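Start from the sequences and build out the full structure, keeping to the hints where you can.
There are 2 protein chains.
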Amino acid sequence: MTSEVSDLVATAREGRPRAVARLISMVENGSPGLREITALLCADRPHRARIIGLTGPPGVGKSTSTGMLVHAFRRRGMRVGVLAVDPSSPFTGGALLGDRVRMQDHATDPDVFIRSMASRGHLGGLAWATPQALRVLEAAGCEVVLVETVGVGQAEVDVASLADTTVVLLAPGMGDGVQVAKAGILEVADVFVVNKADREGTQAAIRELRNMIALADRPWRPPVVPTVALRGEGAEEVVAALDGHLAYLEGSGELVRRRQARARNEIEAIALTTLRSRFADLHGDRRLDVLAARVLDAELDPYTAADELLAAAGRPG
Amino acid sequence: MTSEVSDLVATAREGRPRAVARLISMVENGSPGLREITALLCADRPHRARIIGLTGPPGVGKSTSTGMLVHAFRRRGMRVGVLAVDPSSPFTGGALLGDRVRMQDHATDPDVFIRSMASRGHLGGLAWATPQALRVLEAAGCEVVLVETVGVGQAEVDVASLADTTVVLLAPGMGDGVQVAKAGILEVADVFVVNKADREGTQAAIRELRNMIALADRPWRPPVVPTVALRGEGAEEVVAALDGHLAYLEGSGELVRRRQARARNEIEAIALTTLRSRFADLHGDRRLDVLAARVLDAELDPYTAADELLAAAGRPG
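Here the protein sequences come in this chain order: A and B. With this note's numbering, letter number 57 in the first sequence gets 76, and the count goes up by one each step, no holes. With this note's numbering, letter number 256 in the second sequence gets 275, and the count goes up by one each step, no holes.
Because the hints were derived from the structure by calculation, they are not lab data. Note that this is a predicted model, so its numbers are computed, not measured. Treat the hints with care, as some may be off.
[As the list claims (entries may be wrong)] Among chain A residues calculated to face chain B with C-beta under 7 Å, some are:
1) R54
2) E55
3) M231
4) A233
5) L234
6) A282
7) R283
8) I286
9) A290
10) F298
11) L301
12) V314
13) L315
14) A324
15) A325
16) G333
Note that CB positions come from ideal geometry on N, CA and C, so glycine has one too.
Structural data, given as structure tokens:
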């Protein structure tokens, strides 16, 4: 395994799509080599990518907007990664679509890496695999990674929290204000994009959003950018808004704070996953069964049993 | 705290509704006295209640069916508890509805305890609070507890797994077969109830269900019982089906296995919650921050950091 994995990581660093795809699959499937892969990726990290999250309700045009931003960053000559963890995204469809999903215009561009991640059901699955997948894309030389999620569930909010900048997409006539308020999305949005801005109600939607933003007492006021992603309109304005937010992050020290919080979350997620697998081992040893039987017989209360379980899981071996 | 809590537990054992409600609130809110409450409840458990889970899609008539079963068990002279953890249930409405929610006909019955539990957002919240709430109801002398959940999310499946017998409710014309297959609910159902059986399509729905059941290779074949809960029709047939399943559970040794699995899950859930709060303490100590900073600086990979976190959380004090 060891030399195979280190070859794979070395090949991924050269930006070879197949190696990148293979590593992300291993990460996503919780391969036994994951620990080693992560250590190798961390050992000599050439640079840190800018992570931009895109989220919003289904039908708002997230994938088209992602495509538009890929174009915009490519025009700057940047290598771009895309992670689509949106189950409604055409890039996902609930499963992996092979090595490298071909996005219309970027099929032959060696500097664009697009990857779908299956949104796994188990607790913490996504939150735990995504940082590792980002690391693979960084190792492959991506300077910016767009993470596309759908803005509904907790898992997606968790993924949005992986981003340096979170873009919330809305469209006129979707009852946006209400949605935003309900989802508590105002707290996570760094940039609002009102897509399909050639539709009626765009000005009203923008106004409503700006009023909500004015009421929120936050040091950063999210700009509201109208776009028509299908025609590429507004791409430069979105990128300018993203640059503005990045400058704010760097100037205020918030970038370091966010990345620090991200690292904390990742460490915790790995620790909990590790512990769960130790519990499973203890179940294999029947130790957990013995504790459960004693709780059933009212010999032990479950808190004391949990303490014994943690103590057993904490002992090496 | 100590004597107050033990007085409360003693009063709850006498079946006083206010003490029962107060204890369940404490359990649900993660009161600091929880550990002590649980220990007291476990110390001298008079008997074990029969736990019956009711689940199904919104609009199927779960609350009406729960009410019908409360009646049926009361006719047998049994003391009955109800835990409604269905966010769409009129008993919940997303929050606690006071000490003891008055269900139409049981408002003045001292042998019926009805309680709504807010379905909390955080991971494992419900799975962790429900067993404790069940314990309170058992201490109050409930011989049967009905746990009403909505059959959609993982949390609800987790709660269903707390039951000795899980009843899945369906209604004709809701695309039941597809729903059942999709939700993997066939694996958790011990008894199917087709409610609103005065509607067109009832026979077709029952046939479709029986065909699906026949295809599944399980030692227990869930019976399919038609009801019209609104008029109390089919109550005795449901109770007979529940008795049949209980006899199967006892005869096959499955009852012990299920309760054993339940105790394991509870111990694990408590252990994970305990560990999380230890992580939070370590964050307070800035130890987690130091680990995160080292990961950010690529001094440490996150797996090694997670190992250090677990080791630190495992050390007493």
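(message) Name the hints, by number, that the structure is in violation of.
(response) As far as the earlier hints go, 2, 3, 4, 5, 11 are violated by this structure, in ascending order.
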